[in-house]
Amino acid sequence: MTTDFIEPTIDWAHLAPIIAVLGAGVLGVLVEAFVPARSRRVVQLVVTALGIAAALTAVVVLWPGVQESGGVRIVGGTVLVDPFALAVQAILLVLGIFSLLLFADRSSGDDAFAPAAAAVPGSAYEDLARAQGVRQTEAFPLLLFSLGGMMIFASTSNLLMMFVALEVLSLPLYVLSALARRRRLLSQEAGFKYFLLGAFASAIFLFGVALMYGATASVDLAEIRMSIARGDETAVGGLLMVGLIMVIVGILFKVGAAPFHVWVPDVYQGAPTPVSAFMAACTKAAAFGALVRIVVVVAPTLGIQSAALAQGFEVALWIVAILSMLVGTLVAIPQTDMKRMLGYSAIAHTGFILVGVVGLFLSADIRGFSGLGVRSTLFYLLAYGVATLGAFAAITLVRETTAAPVLTTTAGAGAEGGTAELGGEERKEDVRESTPILGEATHMAQWAGLGRRSPWLAAAYSLFLLSLAGIPLTGGFIAKYTSFQAGIASGATWLAVIGVLTSVVAVFFYVRIIVLFYFTTPDEESTDHAPVKVLGMGGPAGVTVVVCAAAVIFLGVFPSPVLDLVAQAAKFVP
Amino acid sequence: MPTVTSVAASVAASSAVSNEVPASLELAPYVILLPLVGAAVLLLAGRRSDRWGHWLGLATAIGSFVVGLVLLVGLLGLDAGERVYDMALYDWLPGGTLDVGVGLRIDPLSVTFVLLVTFVGSLIHLYSVAYMEHDDDRRRFFAYLNLFVAAMLVLVLANSYLLLFVGWEGVGLASYLLIGFWYRERKNAVAAKKAFVMNRVGDIGLIVAMMLMLATFGSLDFAVVHEQAPAASLGIVTAIGLMLLLAACGKSAQFPLQAWLGDAMAGPTPVSALIHAATMVTAGVYLVVRSAPIFDVSPDARLVVAIIGAVTLVFGAIIGCAKDDIKKALAASTMSQIGYMILAAGLGPIGYAFAIFHLVTHGFFKAGLFLGAGSVMHGMGDQVDMRRFGGLSRYMKVTFVTFGLGWLAILGIPPFSGFWSKDKIIEAAFVPVEGSEWQAWVFGFTALIGAGITAFYMSRLFFMTFGGKRRWNDGSGDVDGTGPQQGPVQHPHESPLLMTLPMVVLAFGSVFLGGLLAWGDSFVTWLEPVTGHAEHAEPVLPVWSLITLTLLLVVGGVILAWRQYAVADVPVTAPPASALTRAARVDLYQDAVNETVFMRPGQYLTRTLVYSDKEVVDGTWMGGAALLGTVGRVWRKAQNGFVRSYAATILGGLIVIVAVVLALAS
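As given, the protein sequences belong to chains A and B, one line each in that order. Just so we're on the same page, this note's numbering is the position in the first sequence counted from 1, plus 1477. Just so we're on the same page, this note's numbering is the position in the second sequence counted from 1, plus 1.
The set of hints was computed from the structure by calculation and includes no laboratory data. Incorrect hints may appear among the rest.
Which residues of chain A face chain B? A partial, calculated answer using Cβ under 7 Å [stated by the list, open to error]:
id	residue
1	Ala1530
2	Thr1534
3	Gly1715
4	Ile1722
5	Ala1793
For each residue, glycine too, the CB sits at the ideal point set by N, CA and C.
Sequences are here, hints too, so could you generate the full structure?
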C-alpha cells in the first residue's frame, strides 16, 4: 500500500443510476430545509419520482453496452457495473416506484407517516402537530437513500463497500419503521427492535469481513478468490470459512432467512405498511443480489481448492433454506394478522429463493456457476416483489372506521408474547383520533366477506395470494418452477422436494384467506373488531394494486421475455 | 372379411405436421383474441357497457367467424397433404429440461371446429340479444358467452395437451358461470356446482393423462406425443387412452359422468343450445379424435370408448322417453347423440371422420331444436312442462316449421342432415373391427335400436309440444277437450325476428348441411389429413338392408309416438307408469347412485380430513418441533417479542451453522 493519495478516476456514466438516486436523496434533504412546508410534499414527490425515473433510464441506456463488454469496475474497483448489477438495480427501481406510490398514498385522507415522529405518542405536542397538519416528508429522501444503498449493495465485490452499502440501506429503514401514523408504539417498538438486531447483524457481517481479511489480506472478493486460487495456506482454512459464513449470515439476516428471521414478523407488522412493502420487496432483492455475487465469485474457486469447503458452504445454505421454508410456512398457518402472515410468507419465500441460489452450485462442473440459478433468483425477486407489494398495497386500503373496543391487532402481535402490554395506551390513542378513517384493519376476521363488499380488491388480493402460493398462470408459479428447476439441475433434488411439499402446506393458509373473502359472511353483530371501510381504488395505492395484479398475470402468462432478459444478466465482472 | 385399416398407415397420414405456417393462415390467433378481448372489455367495463355490451359481444363472435372463414379458404388453397400446421406463438417456459411452448394447431379438424363454434356461436349471440332483452344482467351474460367462445377456441386450436387443458378448464368455468347465471335461485347455483364438480372428476383424467405423457414422452405437444405413441409400451398408451376417455366422459356427459347435463338446463336456453348441445359437450369427442394416434395404438382403449358410447346412447335415449321437461328431454337426446359420436370414435379409423361429421350436423340441428324450445318458452311464459303445451303449431308458425325440420334431421329421415351422418355411424358400427364379429353385431344393433328409440322420444317431444290439443289456459274459460283451465293464462305468440332468424338459418343447416358435406365424401376427405385414410370395409349386413332397417325402426317410432301423443289425449300430470318409465323419469337413478356411492362416502371422507387436518397438520407442527428438539423449542420461544432472545437465536443459528460446516470441512 502506498501512503500517497491516489485520486481515483471515476467513470461517472456508469455510476449514473446510483448517482441519480442518491443525488435526489440529497436534494430531498435540501428541500426539507429550504422549501416552505406547504409545498414540501409535492416537491419531494417530484424529486423522488424524477430521481428513480432518471436512474431507471440510465440503467436501460447502460444495459446494451455493459451487456456487450461484460461489465466494468469503477471507482477504484469498488463498484461493479456488470449485467447482473444492472439487472438487480432495474428490479430495485421498478419495485421502488411501486413503493413510492405507497409512500405517497393518501387514499385515507392522510399518508402512512406520523405527523411529528419525534413527539411522544399520545402527547399534547403530537395533537398539536396533527391539528396543524404537520407532515413528516423526510420519508421520501429516506426512501431514496435506502434505495441507493440497496443498489450499491448488489453492485460491489468489495466487502467494506458492501458494509457501507448495508448501513446506508439499513439506517433509513430503521427510522422509517418507527414512523407509523397509527399504532405508534407498535411502530416504534418495531423500529427499535429492527435497529438493535440490525446492528447485531452488521457486527456479525463486519466481524466476518475482518476474519476474511485476516485469512487473505484483502477485502475484495476478486482478490480473495485469487488468494484461494493460489492455495494460500490461510486462505483455504477454517478462518476464511468462518469469516465467509459470518458475512453470509449478515446478508441472510437482511433477507429474513431462518434462523435469522426473528425480526421479520414483528417489524413487518409494526412498521408503516408502505415501509413493510418496501422492505419485503426491495431489501430482499438487494441482499439476494449481494448473496448471489458472493456465491458466484467465491464458491467455484473454493471448490477447486477444497471440495470439502465448497460443500460446507453449500450445506450451510441448505440448512438455512430448509429452515426458512419450514418456519415460514408452518408458523404462518396460525397467524391472524394480515401483515404478520405476509411476514412469515416472506420468510418462506426466502427459503424458496435460496433453493435457486443453491442451484448456483454446479455439481458436474465445479469451476463455473449455473446460469439457471441466476435466472431463477432474479425472476423470483421480481415476481415475489410485485405480488407482495400488491398485497401490502391492498392492506393499506382496508381501514377501520372507529376504534375497536379491544385492540386485537396488538393482541395479534402478543399472541406470541411481548407486545401485549402496550395495548392500553394504543387504545387511548386510537379513540382520540378524530378522522373517521383510522388504521388498517389487519385482523383477518375483519376481511371476511370482502369479496361481496369490494369485489375488485378481493379479486386482486386473491390473485396476489395465488401468486405467493405458486398457482400456475401467475408469476409465482413460474418463479417457483424456475427456482426448483435450478435446484434440481444442480443436484439439490431433495431441497426442491421440500420446497414443493412446503408449497403445498402454504397453499392452505393462502387459500384460507380467499375462502374468508368469498365464503364467510362477516359477523355484523361481533364487537371484537372495529367496523371496516374499504377505500376507493383511485389513489396511488389502488393504482399499485392494479398494476401489480397485471404484472403478476403477465409474468405468469408471458414469462419468456422477462426470463430471457434475466438470463442475460448471468454475467459477472470477475 | 377384410380388416379395416392398417394402424401404421393412419399414423403416418396424421403426423405430417409442418411448422412453417403459410401467410394465409397467420390470422389464426385473432380467432381467439377477438372474443377474449370482448369478454375482457365487458367484464372490466362493468355497468358502463350495459347499453352496447351485447352488440360488442355479437361483433366479436362474428369477427371471429370471419377470421375462421379466412382460415378455411387458406387451407382449401393448399394441397390436401399440406394442411396440418403447428403455429408456435411463444415459449411459456423456455429452456431447461422441459420446454413448454404455446402454439396453435391449424388443420382441417380444428378449422372445422372453429367454424362450427363461431358460426353457431354468432347465431346464438344474435338470438340472445332478444332472448335476454329484459334481463338486467344481459351484459354479463354476453361477457360469459364471449369468454366461452374464446375458451372453446383455445381448446380446439391448441397444439399441445397443456394448452388444450387451459381451454378445457376455460369452457368448464364459462359453463359453470352460465348454468348458474341466475344464481339467486338456489336450484340454479346447485346445478352449476354439480356440473363443475362432475367435470372435475373428468379433469383428473386429463391431468393424469398429461402426467403419464410427460413421464413417457417428455412433452405434451401433439406432434411429439402422437409421433412417439406407437413406440411406447402398450400398457402406458392404454392407460393414457383410458384417462383421456375419463376426461371426455366428464366433459361430454358420457356414462358414468352423465348426471350433470340434465341439471345444466337450469341455465338460460341459448346457453343450453350453444354449450350444452352444440359445442362444449362435444369437446370429449374432439379429444378422442384428436388423440387418434394414441387410440390407434391401443385396441383395448378403443373398445372401452366404443362400449361407453354404446351404453350412453341407450341410456340417454331411455331417459329421453320419459322426460316431460322439454329442455331435459333435449338434454337426454344430446347425451344419446354424443353417445353415437363416442361410439363412432371408438370404432377407430373408420369412425373418426363420421364422429366429427355427426358432431357438426348435430351441432346445427340440436342448436336449432334448443333455440326452438327457447322460443316456445318465450311464448309460453317460461313454461317447460310439455304436458302443459299442445297444439302450439297454430300460434308459432316459424318455430313450428324450423323445429320440425330439426326433428326430421335428428330422426335421420333422408335427405335431412342427420340421415347422412347417423346412418354412416350405424353402418360403421356393423363393420367388424379387426375381424371381431361379435363387436360388429353388438355395437351395430345398439346403434340401430337407439335410432328407433330416438325417433320415438323426439316425436313424442314434437307432438306433445306442437301437435294434439291445447293443454294450457288461454283465459277463455272455455273447457274444450281434456285440457283443464288451470295454471297461468298463456298467450302463445311468435318470437321476434332476432330470435327466429337464427332458427331459420339453423333449420337450413338441418336440411342441407348433411347432404352437402356427404356429397362425394367431401367432408371425410377433408378430414383425412387428421383422421387418416380408412379403407372401405363391408359391414356384416348389406348396406341397403341396414338403411331399410333403420328407416323402418324410425318410422315405427314416429307412428308409436303419434298414436300416443298426438291422437290420444295427453294427461296434464304424469300418469302412473311401469318401473322402467319411473326409473327413466328420475334419470335411471343416476343421482341416487352417485349420492350413495360417491357423495356420502365423500362427505365422510372430507369430515375425516377436516378432523385429521386439525390433528395432523397441527400435529405436524408440534411433532416437527419436537423432532427438531432444542432448535424447534428455541424457535417457538424465540418469537416472544424480546430483542435479547431474538439476538440469542441469531447467534445460536450462526454457531450451529459454523459448527456444521467446520465439522464437514475437516
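* To do: Check each numbered hint from earlier against the structure, then list the numbers of those it violates in ascending order.
  => Those not satisfied are hints 1 and 2.
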